[in-house]
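A.B. asks: Sequence:
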Amino acid sequence: MSEVGMSAEAPHAAWQEALARLRHDTRQADVDALVAAMPSREHEAERAAALLGLTRALPRVGRLAEAVRSGSEALHHFELLGDLPGLVDTRCALAVVYAHLELGREAMEHALGALDLARQLGDRERETWALLRMGNAYQALGDPVQARETTQQARELAQAMNLTELEFGCLNNQAHFTLDECEQLLRDGELERVPLVQALAQTLAQDAVLLAQREGHAYWQALALSNLIDALMLGDDWRRAEPLLMSLSELAERCGYATLRLELRLQHARVSAAQGHVDVALAQAEALLHDNDPAKARRLERRTLQVLYAVNKQHGRTDAALHHLERLLAADRRATRQAQALQIQALLIRQEVKSAMARAAHAQADAQAAQARARHLEMEKQRLQERLTRTEHDALEDLLTRLANRRHAETALPLLMQRTLNEPLALALLDIDHFKRVNDRFGHAVGDRVLREFANLVRQQVRGADLLARWGGEEFVLVLLGNGAQQALPIMERLREAVAQHPWGQAQEGLTLSTSIGFTLQPAGSPAPTWPVVMQRADQALYRAKAGGRNQVCSA
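Following the UniProt record's numbering, the numbering of the sequence shown begins with 1 at its first residue and continues without gaps.
Take the hints with a grain of salt, since some may be wrong.
[To be verified] Restricting the straight-line Cα-Cα distance to at most 20 Å, the calculated cross-link-like pairs of lysine to any residue (SDA-like) are:
#1 K436 / E453
#2 K436 / S514
#3 K546 / E509
#4 K546 / R494
#5 K546 / A556
#6 K313 / H323
#7 K436 / P490
#8 K436 / G548
#9 K313 / R327
#10 K436 / G447
#11 K313 / L328
#12 K313 / L289
#13 K313 / G276
#14 K546 / P490
#15 K436 / Q552
#16 K546 / M535
#17 K436 / M535
#18 K313 / G189
#19 K546 / L495
If you are wondering where the hints come from, they were derived from the structure by calculation, not from laboratory data.
Using the sequences and the hints, build the whole thing.
C.D. replies: What follows is the structure, encoded as structure tokens:
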């Protein structure tokens, strides 16, 4: 487990009392109480502080989309107030939210923004928090090693300033990141490195437990013990894990940590399996799987199915193992669809809140117009949500490149076309030149690697909010909105140049590549066209780029 939060102010008003309760524990009822006591927009400073507290609390109860909304609004209020410390704290909170959503680039954007502002302020404590949140961002980007190393910088600063809460947060996160590194190594088959990394995770978790015990903080002890038990079980040291598990179970029961109690039931099943009590372990895991407790996190279903599969397989129960493997794959597909739908929703909410706040700034002189705009925004949000709901059960990702796939793009394009009423849009088609020759000369394995590397290269050059999808074969579609659309030509030239200058020879000796790009611009305020019409224009531009000798950009 990971995450502790920054300190909150002493309570005075109802919202501050709710925040004080959340400071010691995070319960749905206290989150709802904070929402109900939210100060009005007339009290901007109080509302900003309450929204910041809400943004920190919502991820702990699984309400990530709401956290994006509250954090985006808090950011707007602190900007209007010119409150730089508030901006640092809100960007740190949003970095955590986007990390939970696995939107690593957005998480890193906020963490780096917080770090820059903290250094402008000369505030070493906030600089340390920002470094800690950079660790969260690296984890969301799939780099637990860099996450741990960046968090080590924060930990050293926290120790130098004697900031115990920060030091614990760093230690606990480092243990969590290192456990994830172990999982990566196991998935990748790098078994020789696992013992060393597992030992490091165990050491970090033990240090976190000692610090939590020294401070007498029950919630910290729960977080740290959970990581330590995970580390011991990874090292097959169930004999040491078992008494810790019993102690943590008592703590979770005594303090009412509902989600943790459920997770510990799975740990009990793992210990039972390690002790050779196979039937007991399977019964414990099956009971947990069918428990409809609302506190059960979605990820726990997957971990439970993994245990059921592994135990049945280890003990030669092939039919049962296959059954649970099929259920695990189905759960993975559901989780992927749900995560992608939530990511899309979060990005749309961020843009919506930004637009709504900008309009609200001009609404004081014309209240009726502001109300009409608010109703329009709510209706637009509802229509977008309805469309997103209908796509929840569709696969949205290309398995080879990990980009959005054609189905995802065809779902998103009609929604994006509607946005041209308020902001410009550019749609581009990118085609890898002579890709067939790559497959013919070097083989399809090299061709697949080229597609993955090309996708990563383009992804690094565009914003997280832009739509980038594999359209089919070696063809990709890119949609830019707002300022990005207005700069479409230099952006496309930059992409073309990046592909041409990339060291493809490192992937395969003698390999060089270029790309042809065709794009079209839809100005703001123009009647919203259908996306096939805009796609056809881009396709015509791409045809001219290829006919003109390739490795060039053409517009239509």
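A.B. asks: All hints are to be evaluated individually against the structure, with a verdict given for each.
C.D. replies: Hints, verified against the model:
Only pairs whose Cα atoms come within 20 Å are accepted, and K436 paired with E453 is accepted, the gap being roughly 16 Å. In summary, the hint linking K436 to S514 is supported, as the alpha carbons are separated by about 13 Å, within the 20 Å threshold. Distance hint between K546 and E509 is unfulfilled; the C-alpha atoms sit about 25 Å from each other, more than 20 Å. A hinted pair counts as satisfied when its Cα atoms are at most 20 Å apart, and K546 with R494 qualifies at roughly 18 Å.
Simply put, K546 and A556 have alpha-carbon atoms about 14 Å apart, close enough for the 20 Å limit, and the pair holds. For the suggested pair K313 and H323, the alpha carbons sit about 11 Å apart, so the restraint of at most 20 Å is met. Of the pairs offered as hints, the one joining K436 and P490 is violated, with about 28 Å between alpha carbons and a cut-off of 20 Å exceeded. Distance check on the hinted pair: K436 and G548 sit about 19 Å apart at the alpha-carbon level, within 20 Å; holds.
Distance check on the hinted pair: K313 and R327 sit about 14 Å apart at the alpha-carbon level, within 20 Å; holds. As the CA atoms of K436 and G447 are separated by approximately 9 Å, the hinted pair is consistent with the 20 Å bound. Annotation: proposed proximity of K313 to L328 holds, straight-line Cα distance about 14 Å (limit 20 Å). Simply put, K313 and L289 have alpha-carbon atoms about 18 Å apart, close enough for the 20 Å limit, and the pair holds.
Between K313 and G276 the CA atoms are separated by roughly 14 Å; this keeps the pair inside 20 Å, and the hint holds. With a C-alpha separation of about 19 Å, the suggested pairing of K546 with P490 holds against the 20 Å cut-off. Between K436 and Q552 the alpha-carbon distance is near 19 Å, which keeps this suggested pair within the 20 Å criterion. Proximity of K546 to M535 is assessed by CA-CA distance (about 16 Å); at most 20 Å being required, the pair is judged to hold.
At roughly 23 Å between alpha-carbon atoms, K436 and M535 are farther apart than 20 Å, so this suggested pair is violated. With a CA separation close to 18 Å, the supplied pair K313 and G189 stays within the 20 Å bound. Annotation: proposed proximity of K546 to L495 holds, straight-line Cα distance about 16 Å (limit 20 Å).
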